[in-house]
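A.B. asks: Full structure from sequences and hints, please.
Those protein sequences? They're chains A and B, same order as listed. Under the numbering used here, the residue at position 21 of the first sequence is numbered 21, and the numbers go up by one with no gaps. Heads up: take any position in the second sequence, counting from 1, add 228, and you land on the numbering used here.
Hints are supplied without guarantee of correctness; some may be wrong.
[Claimed, not checked] Cut-off 30 Å, straight-line C-alpha distance, at most; resulting in silico cross-link-like pairs (BS3-like, lysine-lysine):
#1 B/Lys-309 / B/Lys-445
#2 B/Lys-552 / B/Lys-237
#3 B/Lys-511 / B/Lys-309
#4 B/Lys-237 / A/Lys-124
#5 B/Lys-404 / B/Lys-604
#6 A/Lys-161 / B/Lys-643
#7 B/Lys-351 / B/Lys-403
#8 B/Lys-237 / A/Lys-121
#9 B/Lys-511 / B/Lys-404
#10 B/Lys-255 / A/Lys-123
#11 B/Lys-552 / B/Lys-643
#12 B/Lys-517 / B/Lys-604
#13 B/Lys-445 / B/Lys-501
#14 B/Lys-324 / B/Lys-511
#15 A/Lys-161 / B/Lys-552
#16 A/Lys-121 / B/Lys-552
#17 B/Lys-552 / A/Lys-22
#18 A/Lys-124 / B/Lys-643
#19 B/Lys-347 / A/Lys-124
#20 B/Lys-324 / A/Lys-22
#21 A/Lys-123 / B/Lys-511
#22 B/Lys-309 / A/Lys-121
#23 B/Lys-501 / B/Lys-511
#24 B/Lys-604 / A/Lys-123
#25 A/Lys-161 / B/Lys-237
#26 A/Lys-5 / B/Lys-643
No lab work stands behind these hints, which were simulated from the structure alone. Bear in mind the structure is a predicted one, so any value in this text is a computation, not a measurement.
The chain contents come next:
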Amino acid sequence: MIEAKNLIKSFPSGDTELVVLKGISFKVETGQFVAITGRSGSGKSTLMYQLGLLDHPTSGNILLDGVDVTNRPVDEHTRIRLEQLGYVFQDYALIPELTALENVLVPLMMQGFPMEDAVEKAKKSLNRIGLADRLDNLPSQLSGGQQQRVSIARAIAHNPKIIFADEPTANLDIETSRIVLDTFLELNREGQTIVMVTHEQEYADLAHRNITLSDGQIVSDIINRKRV
Amino acid sequence: MERLRRRSKTFITSLSVGWFLSYRQVKRSSIATTVLIIFVMMLTFLNLVVVRGVLVGLIQGSTNVYSKSYSGEVLMSTLPKKDFIENSPSVEEIAKNLPWTESISARYLQSGTIEAGYKDRVKLSDKANIGGASFAGINPTNEDATTHISSKIIEGSFLTPSDTNSIVLGADLLKKYVPVESPGIALIENVNVGDRVRITVNGNVQEFTVKGILQSKVGEIDTRAFMLDTTLRGLIGRSDYNVDEIALRLKPGSDPVVVKNALLGSGVGRTAKVQTADEALPKFLIDIKNTFGILGNVIGSIGLVVASITIFIVIFVNAITRRKYIGILKGIGIDSVAVEFAYVLQSVFYAGFGILLGLAILYGFLVPFVAVHPIKFPFSDGILVAELPGTMLRALSLMIATLIAGYIPARIVVKQNTLDAILGRN
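C.D. replies: See below:
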């Protein structure tokens with residue numbers, strides 16, 4: 001499904017280069033729920049941004065369905081993100097002047113779906129995560145958990161190949177976090193591939209696979225037998 | 229080919245998404261902010277049109293009254309080195325018979341002096357209350373039909389065909405209307421309607437009663453003293469009926485240039501100088517008109533730059549404060565064209581409504597108001613010149629400037645790294 005090959009990412013830091021990812025290689029199979037964990041500064045978010053084509057690695061390759069997409073033009077990355085990937089950000093990343101329905105609708109419109117079809121898909125997606133009664137609410141009128149679920153609805157509306165979730169529960173209380181994770185688990189049961197970055201080991205244990213990073217390197221890659 | 233087709237489809241989709249985003253952004257933005265921006269755009273538009281319109285209007289008012297009250301649309305006058313228009317009756321006949329002519333007024337002109345208060349002068353050594361003037365002998369009926377000059381009377385009344393011993397004085401002959409103390413200017417003092425004045429023309433002296441005083445803000449009129457043509461003809465001994473000036477009022481819609489050419493084609497040019505009102509304008513008026521036009525354009529251009537900067541700042545601040553959301557949109561796969569288009573549409577919205585509001589105020593209030601209450605200037609009653617084509621051109625310029633000013637900041641922000649925008653990194 002998606003494969004990282006010897007990914008290196010460094011940032012200039014004064015006169016030196018700060019190497020955040022030091023040759024990461026792994027492969028995520030279709031239908032897997034992969035949790036990437038690690039301490040703060042271990043490089044887990046940076047890894048997710050490279051995999052999600054939001055950033056360019058300094059070197060190495062990213063293969064999507066066996067096709068190297070690393071050095072494609074910016075426009076093509078945008079297109080791939082639109083059609084094949086879904087994102088759930090830590091702070092929900094909803095557009096404040098768009099309602100829940102409209103937030104989900106925009107990427108569908110961008111994909112060229114006719115308006116009626118796009119609305120239908122958006123409603124279906126919001127219904128799937130239990131927000132059918134909040135379609136016309138602006139983000140400011142929703143709780144943190146509801147906003148994060150709108151964000152998930154936006155990510156899944158176009159049936160992406162992979163959902164990338166960056167600390168999706170970081171801003172939520174335990175109860176709401178549980179609801180969000182249940183949503184991910186349910187989506188995964190339905191076949192959705194998910195890559196989730198988290199620093200909560202308890203949540204990482206819910207995934208099929210738990211990759212742990214430390215100082216820009218994979219220090220463990222464990223399959224959760226109970227979940228598999 | 230397939231790639232081009234796909235690109236054009238993406239572009240159209242981007243425009244549609246851009247419209248969707250901008251509509252909601254404007255709809256759900258702060259009403260006070262939106263109203264303020266539209267208000268600024270409206271003022272900018274009015275600045276663009278009205279300042280120039282007033283500057284040009286000051287001179288336009290002057291040229292309008294020149295044509296309306298003095299020259300008519302076509303003016304025939306004496307050739308250089310000639311004392312009058314030779315064979316005037318024939319020229320008048322040709323002018324009257326033109327299909328475009330509504331009325332004509334032939335004028336005899338002669339310079340002389342006017343003396344007032346001569347009966348109260350005790351000693352010959354006392355300074356005489358006397359001033360120079362240009363006397364115009366007119367047929368009051370024809371003159372009024374051609375120039376509506378009676379509407380310019382500010383004291384008393386205008387001449388009638390039976391006023392053989394009456395005179396109407398231009399305001400610029402009287403000290404009370406031109407309060408200037410200058411050794412070079414001899415103005416008549418203490419003259420009121422009903423007073424007797426003594427006229428000296430060509431050595432002939434005759435007493436007249438002041439019937440009225442007129443003021444038109446046209447120098448050629450306000451420095452003249454008007455009497456009946458028959459009276460002046462007698463005073464100057466001109467028995468050949470040759471006049472010095474013939475003003476033509478044309479029927480509505482007639483082209484003065486066509487009439488001028490027709491007159492020249494009839495041979496009038498051999499005995500008279502034929503000019504349209506615009507050509508007959510005094511040179512200083514033409515110079516001021518051109519200067520004010522340039523000044524108006526300069527001020528208008530500055531207004532356009534100010535408008536562009538205003539919208540640039542508005543859109544730039546808007547885009548910068550929404551940098552994170554722009555990053556998110558790009559992050560979830562929204563094409564940058566869609567985001568840029570959303571901001572351009574917002575600029576169009578602000579400019580469009582500002583312009584519409586400005587047009588409503590301009591044509592619904594300002595132009596009619598200034599037409600009824602002209603801006604009083606010593607040399608003219610200024611109007612507000614805002615011809616629709618010129619105004620539309622300025623509106624279009626403002627719209628284009630706004631489009632560019634809206635696009636540039638949006639482009640700057642959209643071009644930034646997506647991840648940096650999402651994470652708020654610089």
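A.B. asks: For every hint, state whether the structure bears it out.
C.D. replies: Here is what the structure says about each hint:
For the hint linking B/Lys-309 to B/Lys-445, the alpha-carbon distance of about 28 Å falls within 30 Å, and the restraint holds. For the hint pairing B/Lys-552 with B/Lys-237, the CA-to-CA distance comes to about 27 Å; that is within 30 Å, so the pair holds. Pair hint B/Lys-511 plus B/Lys-309 holds up; C-alpha atoms about 20 Å apart against a cutoff of 30 Å. A distance of roughly 26 Å separates the Cα atoms of B/Lys-237 and A/Lys-124; the hinted pair therefore holds under the 30 Å criterion.
For the proposed pair B/Lys-404 and B/Lys-604, the alpha carbon gap of about 18 Å is at most 30 Å, so the pair holds. At roughly 27 Å between alpha-carbon atoms, A/Lys-161 and B/Lys-643 fall within 30 Å of each other, so this suggested pair holds. At most 30 Å may separate the alpha-carbon atoms for a hinted pair to count; B/Lys-351 and B/Lys-403 meet this at roughly 22 Å. With a C-alpha separation of about 21 Å, the suggested pairing of B/Lys-237 with A/Lys-121 holds against the 30 Å cut-off.
About 28 Å separates the Cα atoms of B/Lys-511 and B/Lys-404, which keeps this hinted pair within 30 Å; it holds. Between B/Lys-255 and A/Lys-123 the alpha-carbon distance is near 22 Å, which keeps this suggested pair within the 30 Å criterion. Restraint check for B/Lys-552 and B/Lys-643: the C-alpha separation of about 13 Å stays at or below 30 Å, so the hint holds. Of the pairs offered as hints, the one joining B/Lys-517 and B/Lys-604 holds, with about 17 Å between alpha carbons and a cut-off of 30 Å not exceeded.
Between B/Lys-445 and B/Lys-501 the CA atoms are separated by roughly 24 Å; this keeps the pair inside 30 Å, and the hint holds. Straight-line distance between C-alpha atoms of B/Lys-324 and B/Lys-511 comes to about 29 Å, which keeps the hinted pair within the 30 Å bound. At most 30 Å may separate the alpha-carbon atoms for a hinted pair to count; A/Lys-161 and B/Lys-552 meet this at roughly 25 Å. Annotation: proposed proximity of A/Lys-121 to B/Lys-552 holds, straight-line Cα distance about 26 Å (limit 30 Å).
As the CA atoms of B/Lys-552 and A/Lys-22 are separated by approximately 29 Å, the hinted pair is consistent with the 30 Å bound. A distance of roughly 34 Å separates the Cα atoms of A/Lys-124 and B/Lys-643; the hinted pair therefore is violated under the 30 Å criterion. Distance check on the hinted pair: B/Lys-347 and A/Lys-124 sit about 107 Å apart at the alpha-carbon level, beyond 30 Å; violated. Proposed proximity of B/Lys-324 and A/Lys-22 is contradicted: the alpha carbons are some 101 Å apart, above 30 Å.
As the CA atoms of A/Lys-123 and B/Lys-511 are separated by approximately 75 Å, the hinted pair breaks the 30 Å bound. Restraint check for B/Lys-309 and A/Lys-121: the C-alpha separation of about 92 Å exceeds 30 Å, so the hint is violated. With a CA separation close to 16 Å, the supplied pair B/Lys-501 and B/Lys-511 stays within the 30 Å bound. Restraint check for B/Lys-604 and A/Lys-123: not satisfied, since their Cα atoms lie roughly 66 Å apart, outside the 30 Å limit.
This hinted pair checks out: A/Lys-161 and B/Lys-237 have alpha carbons roughly 23 Å apart, not beyond 30 Å. Straight-line distance between C-alpha atoms of A/Lys-5 and B/Lys-643 comes to about 29 Å, which keeps the hinted pair within the 30 Å bound.
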